[in-house]
Structure formats: structure tokens, C-alpha cells
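K.L.:
So you can see what is in the structure, the chains are spelled out below.
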Amino acid sequence: AQRVTQPEKLLSVFKGAPVELKCNYSYSGSPELFWYVQYSRQRLQLLLRHISRESIKGFTADLNKGETSFHLKKPFAQEEDSAMYYCALSKLGTYKYIFGTGTRLKVLA
Amino acid sequence: DVKVTQSSRYLVKRTGEKVFLECVQDMDHENMFWYRQDPGLGLRLIYFSYDVKMKEKGDIPEGYSVSREKKERFSLILESASTNQTSMYLCASSLKGDGYTFGSGTRLTVV
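Chains as they are written, first to last, in our numbering: chain A, 1 to 109; chain B, 110 to 220.
Pulled out of the complex, with its shape left as it was, chain A reads as follows:
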């Protein structure tokens, strides 16, 4: 069965420290993977997707098929990065996602 696991409910880091939000998935085929972010009082929005291999707001994520992971990283956290982050998986060619349970990132001053 397809599954997305985000092991940390809450991650607290100090401003300027590196951030890594973990995401592991189980899926036998070739998945499409995404990170979504929800800032306080805002709607959930797409942060990045593995296919585009881009960096958004300093965040990157690399798909590691061997470890079935898609961790989200940023070298230097900023206070405005504080938000809820969701990892999501879509079976290639389909349009529905399976979401992880989310990780709340708090960046402390």
C-alpha cells in the first residue's frame, strides 16, 4: 500500500541553523513527490515537486529511491519558515495524492 511517513510532529530549530524535514514513502512504482506548506492563517500551497528539481525559498528536496525518502532541506532557517509542512505522494499518471501527517516547523529567534 502507498504510504507517506513524516516521523516528526514538531521540529524546533534556531534561526540560522540547518533544517531537515523528513519524509519517507512506500510505493512500488515510480512516484511523484511534493512538499506543501501552510503558513499561519494561510491556505495550503505547493512548495516544490521533485520533478522540477527547483529550489523554492531556499528549500530543496532530493528523491532518494534507494532509501525511499524525499527529505526537505534548507541550510539556514529563517523565522518566516515557521509553518506546517506536508509531504505528498502521487502515483505517476494519477492525480490524487496521499499526504503525510505533517511536521510543524518552529524557527526560534
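The reader is advised that the hints may include incorrect statements.
Here's a subset of chain B near chain A, in silico, CB distances under 10 Å, partners left out [what the hints assert, rightly or not]:
1) L150
2) G151
3) A201
As a list, the in silico BS3-like pairs of lysine-lysine whose alpha-carbon atoms are at most 27 Å apart [claimed, not checked]:
4) B:K205 / A:K65
5) B:K112 / A:K96
6) A:K57 / B:K205
7) B:K162 / A:K96
8) A:K96 / B:K205
Read the hints as simulated data drawn from the structure, not as lab findings. Beta carbons: idealized from backbone N, C-alpha and C, even for Gly.
Starting from the known structure of chain A, fit chain B onto it as the hints suggest.
P.N.:
Here is chain B on its own, set in the frame of chain A:
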């Protein structure tokens, strides 16, 4: 900018009431989705639709139904609201595999 609009930000309903949650998107997206968002459980798919009059069950369809009579509108119906349906409901749309655009959510409280 794609907009997905959910008609109500907050709703309070009584147990047993029939509840309609409306979602409208303005960018001609084929795919529309309803999720519920609960702390510690993430987002769980209730129903989705790939086209007008088409609907498919998601992971937790029990107690819900949907309607898609027009491409831009996707309605979620709680036939007889119960307290365990108190939640944040999120509507989303997408154009093929481009990623979702979400609405701002409807926080439903069933008392």
C-alpha cells in the same frame, strides 16, 4: 492566479443536519478533490472527481457524498452530520499532474 473558493470559512451545524460545503474554481481544472484535515492525521481524501458528473471515493468516504454538475463546482454533502465529522475541510483542484491549488478551508463544527 488560480482561485479555489470555499463558500464558508466557519460553519456550526447540529447533529443530524444535512450539510453542504461548496467549492468553486475559476481556471477550468478537470480534477477536484475534498480532503479533511485533522491534527495528527494529516490530510485524508474523502472524494475526488476527474470530470463533470464523475466521482470516485477516496480513503474515507463514509458519511459523505459529492456532486459535480458543473466543471467549476464540486460540492461535499454530509447526509446526516455527526460530531466525528467536526473538522477542517479542504477543497483542491488541479490540471492533470501539476500540483494542487487549495481553497482556504471550511472549519465545520457539529454540535
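K.L.:
A separate judgement is required for each hint: does it hold in the structure or not?
P.N.:
Hint-by-hint comparison with the structure:
For B:L150, the interface hint holds, the least distance from its beta-carbon to any beta-carbon of chain A being 6 Å, beneath 10 Å. Interface restraint check: B:G151 against chain A, minimum CB-CB distance 4 Å, threshold 10 Å, status holds. For the restraint placing B:A201 at the interface with chain A, the shortest Cβ-Cβ distance is roughly 8 Å, inside the 10 Å limit, so the hint holds. Using a Cα cut-off of 27 Å, the hinted pair B:K205 and A:K65 holds, with the two alpha carbons roughly 24 Å apart.
Between B:K112 and A:K96, the direct Cα distance comes to roughly 19 Å. Compliance with the 27 Å bound is thereby established for this hinted pair. At most 27 Å may separate the alpha-carbon atoms for a hinted pair to count; A:K57 and B:K205 meet this at roughly 25 Å. This hinted pair checks out: B:K162 and A:K96 have alpha carbons roughly 17 Å apart, not beyond 27 Å. For the suggested pair A:K96 and B:K205, the alpha carbons sit about 10 Å apart, so the restraint of at most 27 Å is met.
Consistency with the previously given hints is maintained throughout, with no hint failing.
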